[in-house]
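Novice: Once you've looked at the hints, dock chain B against the given chain A.
What follows is the residue order along each chain.
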Amino acid sequence: MSQWICEAPLDLFRLLSETEDAASGAVVVFCGTVRNENEGRPVESMAYEAHVSLAEKVLRAIEQEAVAKFHARRCRIQHRIGHLQLGELSVAIVVWAGHRAEAYEASRYAIDEVKRRAPIWKEEHYLDGQSRFLDGIPLTGSEEAAL
Amino acid sequence: MKVRAVFYGGLRQDTGVREELVEVAQDQLSVEELVAVLTMRFPALGSRLRAVAFVVNDTIVGPGYILADGDEAGLLPPVSGG
Numbered sequence: 000m001s002q003w004i005c006e007a008p009l010d011l012f013r014l015l016s017e018t019e020d021a022a023s024g025a026v027v028v029f030c031g032t033v034r035n036e037n038e039g040r041p042v043e044s045m046a047y048e049a050h051v052s053l054a055e056k057v058l059r060a061i062e063q064e065a066v067a068k069f070h071a072r073r074c075r076i077q078h079r080i081g082h083l084q085l086g087e088l089s090v091a092i093v094v095w096a097g098h099r100a101e102a103y104e105a106s107r108y109a110i111d112e113v114k115r116r117a118p119i120w121k122e123e124h125y126l127d128g129q130s131r132f133l134d135g136i137p138l139t140g141s142e143e144a145a146l
Numbered sequence: 000m001k002v003r004a005v006f007y008g009g010l011r012q013d014t015g016v017r018e019e020l021v022e023v024a025q026d027q028l029s030v031e032e033l034v035a036v037l038t039m040r041f042p043a044l045g046s047r048l049r050a051v052a053f054v055v056n057d058t059i060v061g062p063g064y065i066l067a068d069g070d071e072a073g074l075l076p077p078v079s080g081g
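Chains A and B supply the protein sequences, listed in that same order. In terms of numbering that gives the first Met the number 0, the first sequence opens at residue 0 and continues consecutively. In terms of numbering that gives the first Met the number 0, the second sequence opens at residue 0 and continues consecutively.
Derived by calculation from the structure, the hints in this document are not laboratory data. Fair warning: this is a prediction, and the values are worked out from it, not measured in the lab. Each residue gets a CB set at the ideal place from its N, CA and C atoms; glycine is no exception. There's no promise every hint is true.
[Claimed, not checked] If we take Cβ atoms under 10 angstroms as the criterion, some of the chain B residues that face chain A in the derived model are:
#, residue
1, GLY8
2, ARG40
3, GLY45
[To be verified] Listed next, with one range per pair, are the computed distances between beta-carbon atoms:
#, chain 1, residue 1, chain 2, residue 2, range
4, B, THR58, A, LYS68, 20 to 26 angstroms
5, A, LYS68, B, ASP57, 40 to 46 angstroms
6, A, SER130, B, PRO62, 30 to 36 angstroms
7, A, SER52, B, ASP26, 23 to 29 angstroms
8, A, GLY128, B, GLN27, 41 to 47 angstroms
9, A, GLY81, B, ARG49, 25 to 31 angstroms
10, B, ILE65, A, SER130, 26 to 32 angstroms
11, A, ASP134, B, ASP26, 37 to 43 angstroms
12, A, GLY97, B, VAL16, 30 to 36 angstroms
13, A, ARG131, B, ARG49, 31 to 37 angstroms
14, A, ASP127, B, ILE65, 25 to 31 angstroms
15, A, GLU38, B, VAL16, 26 to 32 angstroms
Just chain A, with the same shape it has in the complex (with noise of 0.2 angstroms):
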């Protein structure tokens, strides 16, 4: 399994644990996770998938950016893909920073970068037997540049 993209269920408790912080008086944790719902229309699970190697170097510059830009102290990302049932993570982003504003900041950074640059694609399935790709963000060639 990837530091950065997981085909097993994500693990947030080790993911808190590898990256704990003494110097931190925050941690944020932000999850993503499969709703039963998109635009009306009930759904059944997802199935996420990446370009694994791009996905790890665009994820690696995003946790280094967080930390840079928002003086935090650590951010560790993890992407799961594979077939999601409802509820599961589908991303994981811990922040430790010195205290909160700075890991609020860095976390809701690090999530929009990660839906903006990251090279994973989402298939819904529906309740009804249909699936379909979302609509997405173009790449624009500046994904992968850290700082």
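Specialist: Quick look at chain B alone, frame taken from chain A:
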């Protein structure tokens, strides 16, 4: 020379294949030329290719990038992770 085009996300549904081997007589091929070949083989890609990014060796490259024999070019449609 041969290059391999690999389709991601909804592009796989548009083409019906996961990847396509492109063999040309010339000894170099730009991304732009690869796009022209793929558009002929997969008309369904059509206008979608305008919003597609190309990745070679984990770097996103522009239309003028010259592919080498044996390269793999990933076609990345607009992203929707999170």
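Novice: Give a verdict on every hint.
Specialist: Hints, one by one, checked against the model:
no. : hint                                    : in the structure
1   : GLY8                                    : 3 angstroms, holds
2   : ARG40                                   : 21 angstroms, violated
3   : GLY45                                   : 16 angstroms, violated
4   : B:THR58 to A:LYS68: 20 to 26 angstroms  : 23 angstroms, holds
5   : A:LYS68 to B:ASP57: 40 to 46 angstroms  : 23 angstroms, violated
6   : A:SER130 to B:PRO62: 30 to 36 angstroms : 31 angstroms, holds
7   : A:SER52 to B:ASP26: 23 to 29 angstroms  : 27 angstroms, holds
8   : A:GLY128 to B:GLN27: 41 to 47 angstroms : 46 angstroms, holds
9   : A:GLY81 to B:ARG49: 25 to 31 angstroms  : 30 angstroms, holds
10  : B:ILE65 to A:SER130: 26 to 32 angstroms : 37 angstroms, violated
11  : A:ASP134 to B:ASP26: 37 to 43 angstroms : 39 angstroms, holds
12  : A:GLY97 to B:VAL16: 30 to 36 angstroms  : 51 angstroms, violated
13  : A:ARG131 to B:ARG49: 31 to 37 angstroms : 20 angstroms, violated
14  : A:ASP127 to B:ILE65: 25 to 31 angstroms : 46 angstroms, violated
15  : A:GLU38 to B:VAL16: 26 to 32 angstroms  : 29 angstroms, holds
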